[in-house]
Amino acid sequence: MDDDMVNSYECSNDAESAEFVSERLPSSNNVIRGQKDAYAVGKKIASGKYGAVYEVLRTRDGKMFAAKLEVCGVAALNALNMDYVVLRAANKAKLGHFCALVDRGMIKDHFKFLVMDMLGDNLFKLRLQFQQHRFSAPTSLRLALEMLESLEQLHSLGFVHRDVKPTNFALSEENGQSGGRVILLDFGLCRHFQTATGGIKPPREKTQFRGSVRYASLAAHRAMELSPKDDLESWFYVVVEFMSGDLPWSHFSAAERDSVKRAKENARTMDGMVHLLKYCPRMEFKRIITYLDALQYNNAPDYQYLRNLVILAMRNNDIRPDEPFDWEQQETVASEETATNSETTAPKDETTRERDERRTENGPMTNGGGTEQKQRKTNQTNGRNSTTQEQNNSQKGEGKTDNFDRR
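Going by our numbering, 660 is the number at position 144 of the sequence shown; the sequence numbering is gapless.
Hint data in this document are derived by calculation from the structure and do not stem from the laboratory.
Nothing here was measured: the structure is a model prediction, and the numbers come from that model.
Do not rely on the hints blindly, as some may be mistaken.
[Claimed, not checked] Result set (PhoX-like, lysine-lysine): computed pairs, CA atoms no more than 20 Å apart in a straight line:
| no. | residue 1 | residue 2 |
| --- | --- | --- |
| 1 | 641 | 552 |
| 2 | 552 | 579 |
| 3 | 559 | 579 |
| 4 | 722 | 777 |
| 5 | 641 | 560 |
| 6 | 560 | 579 |
| 7 | 624 | 641 |
| 8 | 624 | 552 |
| 9 | 610 | 559 |
[To be verified] What follows is a list of derived Cβ distance ranges for each label pair:
| no. | residue 1 | residue 2 | range |
| --- | --- | --- | --- |
| 10 | 818 | 634 | 31 to 37 Å |
| 11 | 821 | 580 | 38 to 44 Å |
| 12 | 551 | 721 | 38 to 44 Å |
| 13 | 616 | 738 | 36 to 42 Å |
| 14 | 794 | 580 | 49 to 55 Å |
| 15 | 563 | 708 | 27 to 33 Å |
C-beta: ideal position from N, C-alpha, C; glycine also.
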């Protein structure tokens, strides 16, 4: 893992407080120098316990990047060092679900930093833009495939993430616009689980809790060593939340870890599973969680099997793999409305007024990008298609997923 490179950016231990952190972060327009280039610091994009992320401008060509800073002396885990190790390995392997590592550096006694490509919104922020904080079924399942592939790539490098959650996935940015590729982020809690010969390190008998309480695996709650299967369990919870808007344990705080653990255990019961998968394709998702629960620490997950189940859920519910993401439909509707408003200011005829009145009565946009009336019509059509397909499958003796709300 090239320990000399990792350790070269260690900082001395010191006080641990929010004030200590804020005093050492740069101000806007400060210039910081990395190993390759100098960067002018712009606005703060995000804040964390031990640092922040800033927009930075490369002074030699004016190109914008993101710089992740970690203040010296407070981060006991030296999370930024692990970010560097993982991103360097991913870039060397030319893996598509990781941002490009552009530069790195340190301002002595203040902070160390990594410079990376700018990204679009993270999936948590995107989800909050839609009604009931839910993505549509097509968007949720497409994202499930993207996130699954990103975790498979990380695991192929020998790392387990240990903090899989919506904020740690973001959209790629192309020409200033969010693209369709999902990028995996934040590797500060990663652990290298492979031995030098490619085997699996033996698990420690007991470990500290790692991850975010809402999405943590049962093994994490039980203070057990984590492996790729645990990242995939967290992935499963994220996808269910995308489709449902919440999880059965979402009302518990992070401090109520035991209550969350019991709720996750209850979700494995017959009634608990029905509640958990209320808005999901039940047959396929039940098979996913049953498969993941059967994996042991040293088992290599079958990513293709999981991918096939997600694809089956899409096929059984008439979801095309190229359906637009919810935010793409929002942008299309906004563009159409702008074009319509700019076409003419002539008096409206009776037909146009009636249509506008109906549009107003129908209320706000759904998370699928149309009006509520359009969504109801779509659901009715999907219901007819599902009924027809179910009858056909029954005649052929094929399995069919339970109906669920595509919202």
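#### Entry: Contradicted hints - numbers only
Hints 1, 7, 9 and 14 contradicted; others consistent.
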